Each structure stands twice: as C-alpha cells, then as structure tokens.
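Chains as they are written, first to last, in the working numbering: chain A, 1 to 419; chain B, 1 to 346; chain C, 1 to 293.
Calculated directly from the structure, the hints in this document are not laboratory data. No experiment lies behind these values; they were computed from the predicted model shown. Check before you lean on any hint, since a few could be wrong.
Stated by the list, open to error - Restraint-style ranges between C-beta atoms, simulated for each label pair:
no. : chain 1 : residue 1 : chain 2 : residue 2 : range
1   : A       : R379      : B       : L104      : 56 to 62 Å
2   : B       : S305      : C       : L156      : 48 to 54 Å
3   : B       : S305      : C       : R172      : 50 to 56 Å
4   : A       : E347      : B       : C108      : 37 to 43 Å
5   : B       : L123      : C       : R283      : 16 to 22 Å
6   : B       : R100      : C       : L56       : 54 to 60 Å
7   : B       : E107      : A       : Q54       : 48 to 54 Å
8   : C       : Q163      : B       : V298      : 50 to 56 Å
9   : C       : M187      : A       : A272      : 58 to 64 Å
10  : B       : L172      : A       : Q58       : 51 to 57 Å
11  : C       : R283      : B       : R100      : 35 to 41 Å
12  : C       : Q57       : A       : E347      : 54 to 60 Å
13  : B       : L104      : A       : Q58       : 45 to 51 Å
Glycine included, C-beta positions come from ideal geometry on N, C-alpha and C.
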Amino acid sequence: MINRRQFSQAALGVAGFAIGAPAFAQNQPLRLGLLAIRSGVGAFLGEDSIRAVQWGVQRLNAAGGIAGRKVELVIQEESTPKDTIERFRHLVLREKVDAVHGLISTGVTLAVAPVAEEERVLLQCWDGTTQNGVQESMPKTRFVFRSTDNECEAVMGALLTVKHMKGKFATIAGINPDYSYGRNCWETFKALLTRYGIEAKVVSEQWVKVGTTDLTTNVAALGAAKPDLIFTSMFLSDLPIFLRQASAAGLLTNTKLVAPTGGGQINELRNAFVPEGSLLGHNTFFHAQPGASELHKAFVADYRDRYKVLPTSSADRAYFNLMAYKAGVEKAVGATGRWPKVDEIAEAIVGVEVESLGGRGRYRDDKIAEQFFYQGLVRHQAGSASLDFADTTAIFSDKLQKPAGADYWNWIKSANFPI
Amino acid sequence: MSAVMKARAMDHQQQPVQLAQPVQLAELLRGFMPFAVMCLALGIAPLVLSPYHTVMLVPIVAYGVALLGMNVLFGYTGLLSFGHAMFLAIGAYATAVATRYGILSFECIVLIAAAAGGVFSLLIGALCVRFTHIFFGVLTLAFGMLVHSFLFKFYEVTGGDQGMRVLRPTLLGIEWDMSATQFLSGPFFYYCLALYLLIGVIVFRVVRSPLGLHLRAIRDNENKARYLGVRVYRLRLFAFVLSGVLASVAGAILSISTGLADPELAYWPQSGNLIFMLILGGATTFAGPGLGALIFVVLHETLASYTHYWRFMLGATLVFLVLLLPDGLLGTLARRLPKRAERKAP
Amino acid sequence: MQYMNLIMAGLFQAAVLFLVACGLQLIFGVQKIVNLACGSFYALGAFFAITVVGLLQSLELPMVLLLPVLVLSGLVIGLAGAPLELLLRPIYRRDPSYQLLMTFGLVLMFQDVFRFFWGPVPRSMDSTLYTIYGSLELSGFRVPVYNLLVIAASLLIALALGQFLKHSRLGRIVRATAENRNITEAMGVNSAKVFTLVFALGCALGTVGGALVIPTSAASMTMAAELVVDAFAVVIIGGLGSMAGAMAGAIVVGLMRAIAVAYMPEVEILAIYLVVVAVLLFRPAGLFGRSTA
Numbered sequence: 001m002i003n004r005r006q007f008s009q010a011a012l013g014v015a016g017f018a019i020g021a022p023a024f025a026q027n028q029p030l031r032l033g034l035l036a037i038r039s040g041v042g043a044f045l046g047e048d049s050i051r052a053v054q055w056g057v058q059r060l061n062a063a064g065g066i067a068g069r070k071v072e073l074v075i076q077e078e079s080t081p082k083d084t085i086e087r088f089r090h091l092v093l094r095e096k097v098d099a100v101h102g103l104i105s106t107g108v109t110l111a112v113a114p115v116a117e118e119e120r121v122l123l124q125c126w127d128g129t130t131q132n133g134v135q136e137s138m139p140k141t142r143f144v145f146r147s148t149d150n151e152c153e154a155v156m157g158a159l160l161t162v163k164h165m166k167g168k169f170a171t172i173a174g175i176n177p178d179y180s181y182g183r184n185c186w187e188t189f190k191a192l193l194t195r196y197g198i199e200a201k202v203v204s205e206q207w208v209k210v211g212t213t214d215l216t217t218n219v220a221a222l223g224a225a226k227p228d229l230i231f232t233s234m235f236l237s238d239l240p241i242f243l244r245q246a247s248a249a250g251l252l253t254n255t256k257l258v259a260p261t262g263g264g265q266i267n268e269l270r271n272a273f274v275p276e277g278s279l280l281g282h283n284t285f286f287h288a289q290p291g292a293s294e295l296h297k298a299f300v301a302d303y304r305d306r307y308k309v310l311p312t313s314s315a316d317r318a319y320f321n322l323m324a325y326k327a328g329v330e331k332a333v334g335a336t337g338r339w340p341k342v343d344e345i346a347e348a349i350v351g352v353e354v355e356s357l358g359g360r361g362r363y364r365d366d367k368i369a370e371q372f373f374y375q376g377l378v379r380h381q382a383g384s385a386s387l388d389f390a391d392t393t394a395i396f397s398d399k400l401q402k403p404a405g406a407d408y409w410n411w412i413k414s415a416n417f418p419i
Numbered sequence: 001m002s003a004v005m006k007a008r009a010m011d012h013q014q015q016p017v018q019l020a021q022p023v024q025l026a027e028l029l030r031g032f033m034p035f036a037v038m039c040l041a042l043g044i045a046p047l048v049l050s051p052y053h054t055v056m057l058v059p060i061v062a063y064g065v066a067l068l069g070m071n072v073l074f075g076y077t078g079l080l081s082f083g084h085a086m087f088l089a090i091g092a093y094a095t096a097v098a099t100r101y102g103i104l105s106f107e108c109i110v111l112i113a114a115a116a117g118g119v120f121s122l123l124i125g126a127l128c129v130r131f132t133h134i135f136f137g138v139l140t141l142a143f144g145m146l147v148h149s150f151l152f153k154f155y156e157v158t159g160g161d162q163g164m165r166v167l168r169p170t171l172l173g174i175e176w177d178m179s180a181t182q183f184l185s186g187p188f189f190y191y192c193l194a195l196y197l198l199i200g201v202i203v204f205r206v207v208r209s210p211l212g213l214h215l216r217a218i219r220d221n222e223n224k225a226r227y228l229g230v231r232v233y234r235l236r237l238f239a240f241v242l243s244g245v246l247a248s249v250a251g252a253i254l255s256i257s258t259g260l261a262d263p264e265l266a267y268w269p270q271s272g273n274l275i276f277m278l279i280l281g282g283a284t285t286f287a288g289p290g291l292g293a294l295i296f297v298v299l300h301e302t303l304a305s306y307t308h309y310w311r312f313m314l315g316a317t318l319v320f321l322v323l324l325l326p327d328g329l330l331g332t333l334a335r336r337l338p339k340r341a342e343r344k345a346p
Numbered sequence: 001m002q003y004m005n006l007i008m009a010g011l012f013q014a015a016v017l018f019l020v021a022c023g024l025q026l027i028f029g030v031q032k033i034v035n036l037a038c039g040s041f042y043a044l045g046a047f048f049a050i051t052v053v054g055l056l057q058s059l060e061l062p063m064v065l066l067l068p069v070l071v072l073s074g075l076v077i078g079l080a081g082a083p084l085e086l087l088l089r090p091i092y093r094r095d096p097s098y099q100l101l102m103t104f105g106l107v108l109m110f111q112d113v114f115r116f117f118w119g120p121v122p123r124s125m126d127s128t129l130y131t132i133y134g135s136l137e138l139s140g141f142r143v144p145v146y147n148l149l150v151i152a153a154s155l156l157i158a159l160a161l162g163q164f165l166k167h168s169r170l171g172r173i174v175r176a177t178a179e180n181r182n183i184t185e186a187m188g189v190n191s192a193k194v195f196t197l198v199f200a201l202g203c204a205l206g207t208v209g210g211a212l213v214i215p216t217s218a219a220s221m222t223m224a225a226e227l228v229v230d231a232f233a234v235v236i237i238g239g240l241g242s243m244a245g246a247m248a249g250a251i252v253v254g255l256m257r258a259i260a261v262a263y264m265p266e267v268e269i270l271a272i273y274l275v276v277v278a279v280l281l282f283r284p285a286g287l288f289g290r291s292t293a
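All chains should be modelled from the sequences, with the hints used to inform the complete structure.
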C-alpha cells in the first residue's frame, strides 16, 4: 500500500531525474545543519565546535566547496533531549539540510540518533558515545556516525597512571560527575588499576551533580578522607572550581591528581591550583601537541588571534566530522558519477582516512570514530601562570577503544594495552 | 476572581428565560463548543500543514489532555499545582517500562500510564489537598522536585540522565510500517486526537454534573460548602487524582512522540510551562487551556527558531498575561462580549 | 577531629542558603508572595559581583576589601527588586496562585537577561581572590578564612535583621503590615511603600547571598533554577514565613548535605529530600511555621 507521500516523492524523483539532477544540484549550496550547545555549563564546548566548523567551511568554500558545491551552515541549539529532537526535526523537515553534525551530551545523542535513523538522515555526532548506549539502542546504524567512546580517556588515564605513578599511592578517591559518563570513567579507572595489580584502597567516592557550582562540601569530604591520589572525570567549569577550592583547602599539596578529561578547561586552569606532575588529558587535540601538522599550527594561530583563547578538542571533533563528510561525499561522487544519495555517502564515509586538527582520523566499520588521544603531565614554567606540559603521550584510539561488538568490561580485563 | 464568580452566576441563569444574545454567546464560549471547534480544526490541519508542523501538533494534543485535568483542578476546584510535570514524567516512564517488557499495544500502554498516574496522584494528593492556595502550590512544587531527583538518582532503574527508550506502539493492534514522521503525523496523531476528544467529552460531563457544581462551590467558599454537606477533602482528592491520571496519559503520548522518557520532563520549570498554557487560554473556560497549549507550542517553536532570547519573550508574555489578561484569551473574550453588547443595546 | 571541616563546609553552605531563604520568608511573611525568582536574584548578585570586582581590580583597589565590596555590590543590585515590585502590585489582592505565576515569568526573563549581559558561558572571579584572607589550620585541614568570614557575615545580617524587625519603628510597621494589612493601612501607614521596602530587602538578601558565594564557585544561567530547589527544601523544613525557620532549615540542609556527601555520597540530594518528605508527612507546617491553609 503506497501512501500519498510515497507517491509524491516518487513523482518528484522522476521529475528531478528528467531535469538533470547533477547540474541542477551544482548551483545549490550544500546545507549542513549543526546542533551545538549554546548556553549553560556546556556552552564553551558548543562554541569551540561551531568556530572550528566555520573556520573549516571558510577554507573549503575558498577552495571550491565539497564536490563543487559551497557549504552553508544552519545552526540550532542542543539542549534537553526532547527539545533537541524538535530542533533536529526542524533542521531536517523545515530547513531541509543535507546532513546534520553535532551533539555532545550523552543523553541527547542517545535520544536523537534513533530519530535520525528513522528519518534516514545522515547524522555525525561530535561526542556523546558511551558504553551503555552502544549496546542498547543502536547496534547497527545506517545513517548515524558516532564519536570515539567517552571512556577512551579514562582508559588512557588509567594506563598512564600505572606507567608514571605506580607504587606512589596507596589510597585513591574519585570525584566524578553524577551521570553515566562519570560513573563509567570511574569504574574504568578502578578496573584497570586492579588489572595491573595495583591494590589501592578507595577512601571516598564523590558524585557531583552536573551544573553544580558549589563544591565546598565535596572538598571537605575529600579532605576528611585524605587520599594519596584523586581521580576526576569532571570536564566542565566544575573542574576549575573544584581545583581552586581543593587547593585552598590544602588538599592538593601531597596528593596526585589524575584528570584525564580536564583538558577542555585549559583556559581556566592555572599553576596556582594544579600541582606539578598532575596527569591531564586533552582528548583528541592538544594545542601544543608534539609533531603538529601545518594544518594544526594554522588553526591554533588563527583561533588564538581571533578569539584570544586556546582551542580545545571540541574544535577538533567538529572539524574531523566536516572533513570526513567531505571525503565521503567526494568519494561517493567519484564512484557514482552524480550527486550521491544519503546511504551512498554514509557507506563512503566508512574507512576513509582524513587529516584532522589533532592528527589523522577515520570511521571504522561500525561507524565509530578513531582518532588520536593526548595526555600529559603538568609542568610549571617559571614566569607563566598557565599550564605547561612535559611528557605528552599520544595513543591512537584503536588501542583504547573496544572493538565492535565486544563487551566493554570483558575487554578491559583481557585486551592488550600499550604499556 | 470576579470573572469566575460571574461565570458561576451565569450558571444559575440556565433557565428557560429569554436571555440576551451576547450572554448566550459568552456561555457558549465557556462551554464545550470552542473545544469541539478546536478539535475539528486540529483534525483538518494535517491536510494543510507540512509533515513537520503536523508532528508538532502531537505535543499540543498531549498537553491538551493534561490540561483538561489541570483545569478541573484549578479552574473548577481552585487548586493550582506547581508540580504537575511529575505526572508527565510518571506516564512517560510507565510507558518506557511497558514497551521494554514487550507491551506494545497503545491501548494497554494508556491504561498502564493512567494506573501509574492514579496511584501516585492518590498518594501525593492525599497529603497535598489538605492545604490550599500557596501552600498547596509549594507542596506540589516540592513533590515535583522530589520525583525529578529520584529519576536522576536511581539510574540503575530509570537510566538516570539518559532516560529510557520508548518503542513505537501498535494502534488498534496494527503495526504501522512507516517512518517516524509519517507515523506521528498520521495514524498516531489521529488516534490521540480521538482520545483527546473522548476525554474532553467525559471531563465536560463531569464538570457540568452536580459533582462539578460541588467542586466550584469548594473553590468559591470552602467553609460554606462544608456546611452544606459537601465533602471537601474527598472531592479535592478526586480532582487531583483525575488531573494526575490525565497528565500521565499525556506523558505517555509525549514520550512516544519523542521516543524517550527523560527526567527533564519532571523539572519544575516544566510545571511552570503547563500553568502558563493553563492561563494563556483561560482557566475560567472549558476549552481555554487546550487553546493555550496550541498557542504556547506554536509560540515556543517560532521564538526558539528565530532568537536566542526566547525565554525572555515567553516570560514577558506570561507577566503580561497575569497583569492584563488573567482570564486568558478565551476567558477575556467570554467576559467582554456581554459588556460590549450591553453598551450597544437600547 | 575531622568532623570540624565537614561542619565548617556545611555551615558555609547554610550561611548562603540562609540569606536566600531569609529573603524568601520575609517577602512571604509580609506580602504573602512566594518569590520563585529568589534564585534569579541570587544569580544576579553573583554575576554583578563578578563585574564589580573585575572593575575594582582593574582600578587597583586593595583586594583585602573583598568581603565588604561583595556585600555592598549585593545590596546595590538588590535594589533592582524595588522597580520589579511595581509589577507585582496589581496582583496582591488576587488569588495567590497568580503570584507564583508572575514570579515564574520573571525567572524566565531573568535567564535571558543574564545571557544578554554576561554571555551564555559560566563566569567566575579571578581565582586568586578566594585565598586573599589566608587560611586557618583546623585539625590538619585548612579552612580558608573567607569561609569563616561569610558565616560570620551571615550571622551578623541575621542579628541585624532581627533587631530591625523587633525594635526599630520601621520594623514594627513591617510586622504590623504582615499581621494585618488593612488595619495598618487604616492607621495611616502607606503599605505600598512598606511592600516596596520589604520586597527590595528580600531581593537584596538573595543578591548578597549570591555575591558572597561567587569567589568559591561560578555564576551560570542555570544556577537560578537549581537554587530554587534548595531554597524550597530549606523553607519547607523550616516552615513557611518564619525567619527562625529559615535559619533552622538552612542549617539542617547545609549540615545534612555535608554529612551525606562525606558518608553516603550516592544519596546526597535524596537525603535532603527524604527529610523534606518526612517533614511533609509529619509536620507539614515545618519546624517553625504556622499552618497556613
């Protein structure tokens, strides 16, 4: 039974073909919808992402666009799951974008992805992939691409803790955001320490509500517990708040700090409250990464010049997706000789390697991203209040991410890690 | 509340006496007619609107269902609940649990959501309806926040910040093999609209019955009503439970339209939005709140697409309403008409 | 005794919560309005304080004056409550439910006002200012003197307010208006002016609370809605309309949070709400409240 819409779609398709689709399409810009966080505690993540995409699109359009078509951006706000679904539908049904990039929060990604699959719209997520989600709602997607697992940073943080700090701590405490991401990071950290034979006693586990700005009681509780090492997966403005208070309370004087997800706050962190030797993770992009490409240097210079602050990994994730999209479209155009359909683009994106700001990256067969991760030990440079880093390690995500279809916790126990 | 008292006065005038035309019109505006007209308009809408806009109509119908109940509680019984969003969440999560355990029949889902809402509203209402006015509002606000925290904290059960997935149900036993937009703007919308109409008829019968009169008596003068033998506590509880049940059904509809039950549904500003819709159309009329839902959703969508500062606009609208049009749009219309006619009459 | 630092942390939070709750209670007690926008004034105080302190820093004012500067800036911006009270005037004699609605509208508007003036990203003060007063060693744990000063300031304000209400002429007029507005008006008091004063004072208490907390945290668009949750827990536990209730409720919530966070972090916020539910079940009027129907 064909309904009215299917019929009219078929009619339009025939008409479009008759007119001569590729030539017609060439004159129209390619519309890319962005869903970014514009307000609240995650706003800086959205800002960074948008700026990077705008920078990338400017350069693309100057060089002719994607397969000859200039790119136009349509930006909407990512907020709560329900509202973001509405914004997504707005982009797809009213603004008629060709693809949607965006989404950083875990809950929102889980909510919007099934909608994208059902609507058959190409969705590339900047972030938000977490273990539970992978198993439950979308085992095999056709149109939805997801970022590297959130827990990669915790895995790398744990591995580097073992490498640099083994034998130097007996008690640990965790202060993590109170939702799936924070819980998974903390569990990952503990599981890996156990695997490498480190018997550390957990003296306190703090859970911070996302968006809280008052951490006095948490700091007091940690102070009472007196841990040798503090692990935190906080990555929003609660991190500098916590560190300032902890430092003022004397909590960080003889304590090791492991903050594998804290690099996004680089502009807010200062030597005054981040002890030397702390392990800080930069996600997929570090403004001073060793062996940086020309692209990377150009981006950092332009960004600093224009916005007066350092870019963070959200910029890299957004840029990576833009480049992956470009590569996929151009590959599909080359393969089909005309403007490709959505599923052809999706298939073409898989496996293509692109040069992103943070290094090379690609999407693997199950449409999960693979990129480099950077983490380093804090070093205080005399005469500067901002953080400097010694001993920055880069690991590609194929060593940090569980393979397609595997069970996460089993993989943690049995995988071959690079130490 | 003079407008409401006037409405009550007009109720007494329902005798076979020659009434002036405008008064009859005002009566009609307060009654079922605008509701029927609105449902008719909603029914025709998909034929003229794009699929995107039609999908937007589903939350309007859902909120309409919830507001039918809230209007019984506020417009007719005088209790303003500032935590009713918790029932939206309860209905949504009940739906998620149902679809997770394989119950995919929409009819069953509605019953389950209604039952869940009924149980919770009975428990919460039993405590809250002992108080009125501000204290009632504060208490319901507190319970709403409690439910919100529960949904977040018990993440093992509720999924925490990620919420719970809601699968597509079958309508009348039929599985609809089409895209989400087609389903939501087609069969699902019409089903919910029919449900809305049915519930509207039932609720209208209730408020026009002697029971409805008792509720209004309680709203206007609690002590007097008690002297007359009206069982104040029981009837208030009845109104509360009815509104809780309907809000839960609304939550079920909402969660199916987004495919997700998420804890933000219970966040207290959501209750504020519900009340906004309630008075936007006019809580002194039967159809007003439903109309308010329509205007609110359209307003919200339009503003959010064009400006960052949509919250300011919405807030300003609310302040304006409370100051100048407390009877809402429909209510003010119903009130002004007889006056204008009186000025024209000889 | 490691409990000391937990208690100190709890009291610090209680001190700030008390100020906001006090403002709420004052406005409710006199005007019978539940000010949902109390959190918005808290946030306003925080944002404004950041701007003021930043300005003064660039003018090279000695930052030892931080605490008085914060209190003053809170008081100054709290006066913004006065013109807003005009909006509330038409609805005093109406059903109280409309007041909840009106203040809710203000909450929505305020969120975007913050966004407009201070941007969508959370802002915080220069990080060195928090430790400007140094710290005290308490049983092996360092407590910043700033925290202690805030607790002291809060107590002082509580005392001053109590004195004002009990012994000053204006205070007695305020209390009389709270008891019975009509009779007080009949006696020649300009209740409109009293209401404006009370509302501005209530808002100022909230803005001062926000200003005082800002060196230790950050100001964000969403902190207003978040605070309402806490403020209401305090008010319900303490009893609606009572100043002593504000203090008792604040101390209960602050200490409960500190203890819960230390010993049962999983249930932290729920612990507070369990107390709220218990109060609602067994003594809905709160510890010090009068049961208002």
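Could you see if the CB distance from Q57 (chain C) to E347 (chain A) stays within 54 to 60 Å? Holds - the Cβ-Cβ distance for Q57 (chain C) and E347 (chain A), about 57 Å, lies within 54 to 60 Å.
Do R283 (chain C) and R100 (chain B) keep their Cβ atoms within the hinted range of 35 to 41 Å? With Cβ atoms ~39 Å apart, the hint holds.
Mind checking the hinted window 56 to 62 Å against the Cβ distance between R379 (chain A) and L104 (chain B)? 58 Å Cβ-Cβ, so the 56 to 62 Å window holds.
Starting from the hint 45 to 51 Å, judge whether the C-beta atoms of L104 (chain B) and Q58 (chain A) obey it. Distance hint for L104 (chain B), Q58 (chain A) holds at roughly 49 Å.
Looking only at beta-carbon atoms, does the pair Q163 (chain C), V298 (chain B) fall within the given range of 50 to 56 Å? 53 Å, holds
Do the Cβ positions of E347 (chain A) and C108 (chain B) conform to the proposed distance bound of 37 to 43 Å? At roughly 40 Å between Cβ atoms, C108 (chain B) and E347 (chain A) fall inside 37 to 43 Å, so the hint holds.
Taking the Cβ atom of R100 (chain B) and the Cβ atom of L56 (chain C), is their distance within the range 54 to 60 Å? Between R100 (chain B) and L56 (chain C), where Cβ atoms are some 57 Å apart, the hint holds.
Using the beta carbons of S305 (chain B) and L156 (chain C), state whether their distance is inside 48 to 54 Å or not. 50 Å, holds
Per the hint of 51 to 57 Å, is the separation of the Cβ atoms of L172 (chain B) and Q58 (chain A) within bounds? This hint holds: roughly 53 Å between Cβ atoms.
Could one say that the CB atoms of S305 (chain B) and R172 (chain C) fall in the range 50 to 56 Å? Between S305 (chain B) and R172 (chain C), where Cβ atoms are some 54 Å apart, the hint holds.
Please test the hint of 48 to 54 Å on the beta carbon pair from E107 (chain B) and Q54 (chain A). 50 Å, holds
Whether the CB-CB distance between M187 (chain C) and A272 (chain A) falls inside 58 to 64 Å: 59 Å, holds
Of the numbered hints given earlier, the model fails none.
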